[in-house]
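Student: So the protein lines, in turn, are chains A and B.
To convert, note that position 62 of the first sequence is 62 in the numbering used here; the numbers rise steadily by one, no gaps.
To convert, note that position 66 of the second sequence is 66 in the numbering used here; the numbers rise steadily by one, no gaps.
Just so you know, the hints here were simulated from the structure itself, not pulled from any lab data.
Just so you know, these numbers come straight off a predicted model, no measurement behind them.
Take the hints with a grain of salt, since some may be wrong.
Straight-line distance between alpha carbons at most 25 Å, and here's what the computed SDA-like set of lysine to any residue pairs gives [claimed, not checked]:
1. LYS615/B <-> TRP557/B
2. LYS751/B <-> ARG87/A
3. LYS751/B <-> VAL74/A
4. LYS96/B <-> ALA55/A
5. LYS615/B <-> GLN448/B
6. LYS25/A <-> LEU744/B
7. LYS751/B <-> ALA55/A
8. LYS400/B <-> TRP634/B
9. LYS751/B <-> TYR19/A
10. LYS96/B <-> LEU81/A
11. LYS25/A <-> ALA61/A
12. LYS25/A <-> TRP634/B
13. LYS40/B <-> VAL112/B
14. LYS555/B <-> SER622/B
Residues from chain A that face chain B, not an exhaustive set, calculated with beta carbons under 10 Å [to be verified]:
15. VAL21
16. ILE22
17. LYS25
18. VAL28
19. ALA55
20. HIS58
21. ILE67
22. ALA68
23. ARG87
24. LEU91
25. ASP92
Ideal Cβ placement from N, Cα and C applies to all residues, glycine included.
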Amino acid sequence: MLVNQFLFLAALLFCIGVYGVIARKNAVLVLMSIELILNAVNLNFVAFALRNGNADGHTFALYIIAIAAAEVGVGLGLVLLIFRNRRTISLDDLSEMKG
Amino acid sequence: MIRSAEALQTLSSGWFLEHAWLIPIVPAIGFFIIILFGKKLPMKGSEIGLLSMLSSLVLAGETAMQWIDRVNSGAEAQFIAPVVRTWNWWQIGGMKFTIGQSIDGLAVIVLVVVAFISTLVQLYSTEYLKGDRRYTHFFAALTLFSAGMLAMVVAEDTILFLLGWEIMGLCSFMLIGHWWEDGANSRAALKAFFTVRTGDMGLLVGVAMLYFASNEWTTEHLGVSGFSIRGISAWALSGEPNSTVILVASVALFIAAIGKSGQFPLHTWLPDAMAGPTPVSSLLHSSTMVVAGVFLVARLYPVFFTGFDILGTGGNFITIIGGITIVIAAALAFVQNDIKKVLAYSTVSQLGYMMLGLGAGAWLPAVFHIFTHAFFKACLFLGAGSISHSASHHSFDMKKDMGGLRKVMPITFTTWVISTLALCGVFPFSGFFSKDEIIDNVGHNGYQLFMIIGLIGAFMTAAYMTRATYLTFFGEARGASAGEHHDEHHDAHAPAHDSHDSHDAHDAHATEHTDHGPHESGWRITLPLVLLAVLALSSGLLNATPFGEKWERIKTWVEPRAEVVMETAPGGPGHSNVLSIPTAAEEGHHDSPCGSETPEEGVCYAPQLQHAPFKWSKAMLSLGIVFLGIALSWLFSTLLYTRKDKRLVGLTERNGVLRAGCNLLINKYYLDALYENVIVKAIAGPIAAAAYWFNQNVLDGILHAVARASRAFSGWVYRNIDQRVVDGTVNNSGKATKGAGGVLAPVQSGKVSQYGALLFSAAAVAALVLVIINS
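Given the sequences, and given the hints that come with them, work out the whole structure.
Tutor: Dropping the structure here:
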């Protein structure tokens, strides 16, 4: 069944996203990786909606797209402010903890 | 004409008709090329914009040719089926969403107009915005705008329609705020965006309502979804729909049209939109985008026809709004000193004519007015831009910086006068053939009151355009057009100006002032002007009702014929539906039941409309009114602005009634004040305060009561349970935690990626456990 291939692709995208979130230092790239994760989830939703012949998965996917757009807006706003204050967006330099 | 054969005569088609969807695709691709590579190209992306619009124009022109062939290949009064092609966009369960093109006469005429004007405006912009700092972005937005408009026009379904509509709204915002460094410009952009958005809600509601109301019927009878425009049209005329549902849906859709087409009471954004560069005003805010609302009404006409019972009453929502708009906008045009604002209000007023025509059943004259109005209004705007570019140092103030320009700018002057005469509706010019037809047909269909309003509007149009022409081109040169160095005086003038007064302060301003005197503009500005003026002069002849039926070409090509047809799907994908005439409706077409009663068999796609027979006596009346307007206004202008007659000078200061009227107009009927001070402040002030009070007194009261109760309870718990039982446990576990914390402290590194790694590995372990448990 075609659904399997969608799921594999989604899993692959998810893994790439997770890798990006963990390994990347650049805040913008981390945001992009989060997008990848969200879209992997979207792909799963749509794939299952296709298999079950049900529109619910599509609705969820549309919601996620809308929320992801808002999330990126807020995220980029944060990054911009951080850059203005600290002249860097490297996540490693942001920590203020002593440990 | 009686046809015995049941199947309709086969209509010709062609490659360009079948591939009309390429028309919006080409500029859409152009947009992406400009935005991605524009800055690296030799002409900064403008060549891509121009090229894509030119290709669209060629495609649209060929499509129009093939459409005309198609119409000619059919029999007289035969329903000319639109060329429909759809693709599945989205399919799930029982729902199917298609996206596609539906090309009919209305689509073809608007496609040609939009592609043509877009091409000329792009050519004009290459000169007008030379050296601008966001030159590439300007062309990108302009091209995307055209793509949006063209997509809306070819749309087969309301979804693509909505998409194109919103793209236009976005581009309009980007282009009005093109020089956003100036606060007034970005305010104007926001105002336009939000005002139009208010109306857009109506479109969303209307589309959704139509879908849910009609989906069942359209799926059963035509095999299309409730988003398909022709499905909705057939449904609206089938006698099936509930009258309340269709009335509410058409009101909602018309609210969208009010917002987009600048009708009363949402017209206030359009004059402010003149803050954008002049080519933008010319393309978006006069000839193409603002007719989107009119186009919406024309496209879904059966819905409005049934919803408002257009031929059955002497006044409805559309005509009332249209009528009000004609008069109030024309009145506002009298007190403007900014030449572009005069034209903006004139646009609002002319859009009122189109709405009035549609509302009163004069479908074809209204659509024809879209066609002619686009040419002469674009020409007037580009003329105003030409003056500001070459003669008045980027000022648009007629009283301060213009006057006496007819000698220095002969081409601009000639084209301006031709377009003005067309706008006023003087006989051989194009505006006469469309505007007079609207007024005539409105009266013919039983809307006498609105015919009188139309005539009053014609008088006012002639008068304010004469005033503007006089101030700009006659009299003596003032301010910048007299060669006065504007830059030094600029600051002195500034406080006196209206805060929205638009000065096109682009970057070229400071750099390329080699000659300061007023002069004629370059060929890239005058060529569009000349082409548009030629069309303003001659395009009316395409539907010259006075000369007999042979001249009514647009009527033949564009007006959908109201014939009852049966649509049967032969089955199998890739086959278009077969149209045939139902047996019951064979006896002639003159009493086509479309619109007036329920078709017994088959469906209608367009209502049967009447055309008023042309009478020279009626035309003479309206021409007389127009000439009276021109003459009176000319006399008044000469006396007032040359200050020959002392009685007129300062009259509005001396006479109380006139002063009140003048103040009302200058303050734009206080509508802006109403919106900003009353509505916005009410939400920001009292309503917010009420919410705060509710929050403080009611919610907090409940909260405090709960808090007191829980405090009493927790005191008891503290004394009896906490102190005795828990503390012992906690002290011990505290010691344990301290030990463990010492071990785990390095994990709290503050490194986000480390936290992420922990989070994901925990989630992975949990998922693994879940899988093991479930299997």
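Student: Next, verify each hint and record whether it holds.
Tutor: Going down the list of hints, with the structure as the test:
1. Of the pairs offered as hints, the one joining LYS615/B and TRP557/B holds, with about 23 Å between alpha carbons and a cut-off of 25 Å not exceeded.
2. The suggested pairing of LYS751/B with ARG87/A holds, with an alpha-carbon distance near 18 Å, which does not exceed 25 Å.
3. Of the supplied pair hints, the one linking LYS751/B and VAL74/A holds, its CA atoms being roughly 21 Å apart against a limit of 25 Å.
4. Proximity of LYS96/B to ALA55/A is assessed by CA-CA distance (about 11 Å); at most 25 Å being required, the pair is judged to hold.
5. A distance of roughly 16 Å separates the Cα atoms of LYS615/B and GLN448/B; the hinted pair therefore holds under the 25 Å criterion.
6. Taken as a hint, the LYS25/A and LEU744/B pair is honoured in the structure, with Cα atoms around 24 Å apart against an allowance of 25 Å.
7. At most 25 Å may separate the alpha-carbon atoms for a hinted pair to count; LYS751/B and ALA55/A exceed this at roughly 41 Å.
8. Taking the CA atoms of LYS400/B and TRP634/B, the gap is near 19 Å; set against the 25 Å cutoff, the hint holds.
9. Of the pairs offered as hints, the one joining LYS751/B and TYR19/A holds, with about 15 Å between alpha carbons and a cut-off of 25 Å not exceeded.
10. The hinted pair formed by LYS96/B and LEU81/A fails the criterion: a straight-line CA distance of about 44 Å is larger than 25 Å.
11. A hinted pair counts as satisfied when its Cα atoms are at most 25 Å apart, and LYS25/A with ALA61/A does not qualify at roughly 29 Å.
12. For the proposed pair LYS25/A and TRP634/B, the alpha carbon gap of about 72 Å is over 25 Å, so the pair is violated.
13. With a CA separation close to 31 Å, the supplied pair LYS40/B and VAL112/B exceeds the 25 Å bound.
14. Distance hint between LYS555/B and SER622/B is fulfilled; the C-alpha atoms sit about 22 Å from each other, no more than 25 Å.
15. With its C-beta approaching chain B no nearer than about 5 Å, VAL21/A sits inside the 10 Å limit, and its interface hint holds.
16. Annotation: ILE22/A was flagged as interfacial toward chain B, and the flag holds, the nearest CB pair being 5 Å apart, inside 10 Å.
17. For LYS25/A, the shortest C-beta to C-beta distance to chain B is roughly 8 Å, which falls under 10 Å, so the interface hint holds.
18. Interface hint status for VAL28/A: violated, as the beta-carbon distance to the closest one in chain B is roughly 14 Å, over 10 Å.
19. The beta carbon of ALA55/A comes within 5 Å of a beta carbon in chain B, closer than 10 Å, and the hint placing it at the interface holds.
20. Interface restraint check: HIS58/A against chain B, minimum CB-CB distance 6 Å, threshold 10 Å, status holds.
21. The criterion of a C-beta within 10 Å of any C-beta in chain B is not met by ILE67/A, whose closest approach is roughly 19 Å, and the hint is violated.
22. For the restraint placing ALA68/A at the interface with chain B, the shortest Cβ-Cβ distance is roughly 18 Å, beyond the 10 Å limit, so the hint is violated.
23. The restraint placing ARG87/A at the interface with chain B is violated, with a minimum CB-CB distance near 19 Å, outside the 10 Å limit.
24. With a least beta-carbon distance of about 5 Å to chain B, the hint placing LEU91/A at the interface is held under the 10 Å criterion.
25. The closest approach between the C-beta of ASP92/A and any C-beta of chain B is roughly 6 Å, which is under the 10 Å cut-off, so the hint is satisfied.
Going down the numbered hints, you'll see the structure goes against 7, 10, 11, 12, 13, 18, 21, 22, 23, while the others check out.
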